[in-house]
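J.: The primary structure of each chain is shown beneath.
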Amino acid sequence: MKVDVVRNILEANDAVAAELNARLTAKGILTLNLMSSPGSGKTTLLERTLTDLKHEFCMAVIEGDCQTENDARRVAATGAQAIQINTDGGCHLDGAMVREACAKLKLDEVDILVIENVGNLVCPAEFSVGEDYKVTILSVTEGDDKPEKYPFIFAQSQVMILNKIDLLPYVNFSVERASSFACAVNPAIQIFPLSATTGQGMDAWYAWLRTERDKKRL
Amino acid sequence: MHELSIAESLITIIGEEMTRHGLKKLLLVKVVTGQISAIVPEALETAFEVLTLDTHLAGAKIEVEVKPMKVRCRQCGHEFSPSHEERILMPCPECSTELGHAIISGRELYIEHIEAE
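Chains D and Y, in that order, give the protein sequences.
Going by this note's numbering, 129 is the number at position 129 of the first sequence; the sequence numbering is gapless.
So this note's numbering is basically just the index in the second sequence, starting at one, shifted up by 218.
If you are wondering where the hints come from, they were derived from the structure by calculation, not from laboratory data.
Among the clues, some could well be false.
To be verified - Within a straight-line C-alpha distance of at most 20 Å, the following computed EDC-like cross-link-like pairs (lysine to aspartate or glutamate) qualify: (1) D:149 with Y:326; (2) D:149 with Y:260; (3) Y:248 with D:4; (4) D:149 with Y:267; (5) Y:242 with Y:283; (6) D:2 with Y:330; (7) Y:285 with D:148; (8) Y:248 with Y:316; (9) D:2 with Y:283; (10) D:216 with D:11; (11) Y:243 with D:4; (12) D:2 with Y:235; (13) Y:279 with Y:316; (14) Y:285 with Y:234; (15) Y:248 with Y:235; (16) Y:285 with D:56; (17) Y:242 with Y:297; (18) Y:288 with D:4; (19) D:2 with Y:281; (20) Y:242 with D:166; (21) D:216 with Y:316; (22) D:2 with Y:316; (23) Y:279 with D:56; (24) Y:242 with Y:326; (25) Y:248 with D:11; (26) D:2 with Y:260.
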């Protein structure tokens, strides 16, 4: 016999993520799911953000990585709470992994929680991890065609950070082309061109963080 | 390779539906995914076959339908499917507006039906 089902395949993960988001929201925490390809500067952006805003916000980081704890050590050096999730080769984080990691954090002190996903522009986009917003970093050394090649992750993100703009004179990257396509698949996406190394453009990103954190304040 | 995680969730849902309807043997499962969803149908099929091997779901057929991306023009509201070559600008066939259309389909990922006995 034929049985009509029509159920979202990822409903179980979505339910875990929604419950986690409700718990974090009840504590007034702004939660971000930071995604990008490997080497786009996720950890460098975090280090700079955590250092520059450390007197303003208490921030915590959950680091997803295939192997090693290098990133968590770099983040912890800024004084922020950091928890590492090693996926042992797994290509993305999911709601249950992040829920488990959250249990090890002192959440009562936290204003902003950043979940640094595994470096990958494909798989992480399908799995909610309890975030308020998905933030995708694209660095100018990767090429301006990435939003065309990986439309799903940009369609799912509320923010696109164009990192390493200090390198624009040396690479063939059109900010306009990358931005146009990101806007084509996602008219509401906010774009912040910046360099986490030189600090150029970071102010607009910080202003966004302040506004969004204010909205979550209890 | 997140198709493996997706296949696991799929198998959980199939198990629940079969129990609910008192079914013992799965013949077919039909999955719908969107054109811009990050799913490779062949990888999902392989993952499903590998995970069901030596289980009561073994041997069932999996069908994956890919729904094309469809957008609604932000200017005139016309609904259309941009061709692959037009992905960057997606000009509306009615009014030529190029950017900022709302995606109304192409991001699906759901199980449509099963056939079982």
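J.: Against the 20 Å threshold, does the CA-CA distance of residue 242 of chain Y and residue 283 of chain Y hold or violate the hint?
T.: Judged against 20 Å, a Cα distance of about 25 Å means the pair is violated.
J.: Holds or violated: residue 242 of chain Y with residue 326 of chain Y, Cα cutoff 20 Å?
T.: 28 Å, violated
J.: For the pair we were handed, residue 2 of chain D and residue 316 of chain Y, check the Cα-Cα distance against 20 Å.
T.: 42 Å, violated
J.: Residue 216 of chain D and residue 11 of chain D were given as a pair; does the straight-line alpha-carbon distance stay at or below 20 Å?
T.: Given pair residue 216 of chain D, residue 11 of chain D is violated - Cα atoms ~25 Å apart, limit 20 Å.
J.: Taking only the CA atoms, is the gap from residue 2 of chain D to residue 235 of chain Y under or equal to 20 Å?
T.: 11 Å, holds
J.: Starting from residue 285 of chain Y, check that the Cα of residue 56 of chain D is at most 20 Å away, please.
T.: Answer violated: residue 285 of chain Y to residue 56 of chain D is near 46 Å, above 20 Å.
J.: Decide if the proposed pair is consistent with the structure: residue 279 of chain Y and residue 56 of chain D, CA atoms, cutoff 20 Å inclusive.
T.: Given pair residue 279 of chain Y, residue 56 of chain D is violated - Cα atoms ~56 Å apart, limit 20 Å.
J.: Hint check: residue 248 of chain Y vs residue 4 of chain D, CA-CA at most 20 Å. Holds or violated?
T.: Cα-Cα ~10 Å, so holds.
J.: Please verify whether residue 288 of chain Y and residue 4 of chain D have alpha carbons no more than 20 Å apart.
T.: Not OK: residue 288 of chain Y and residue 4 of chain D at ~24 Å, beyond 20 Å, violated.
J.: For the pair supplied as a hint, residue 149 of chain D and residue 267 of chain Y, is the alpha-carbon distance within the 20 Å limit?
T.: Judged against 20 Å, a Cα distance of about 28 Å means the pair is violated.
J.: If you draw a straight line from the CA of residue 2 of chain D to the CA of residue 283 of chain Y, is it 20 Å or shorter?
T.: Since the Cα atoms of residue 2 of chain D and residue 283 of chain Y sit roughly 17 Å apart, the hinted pair holds (cutoff 20 Å).
J.: What's the verdict on residue 216 of chain D and residue 316 of chain Y, does the C-alpha distance respect the 20 Å limit or exceed it?
T.: Violated. Residue 216 of chain D to residue 316 of chain Y sits at ~35 Å, over the 20 Å cutoff.
The earlier numbered hints that this structure contradicts are 4, 5, 8, 10, 13, 14, 16, 17, 18, 20, 21, 22, 23, 24 and 26.
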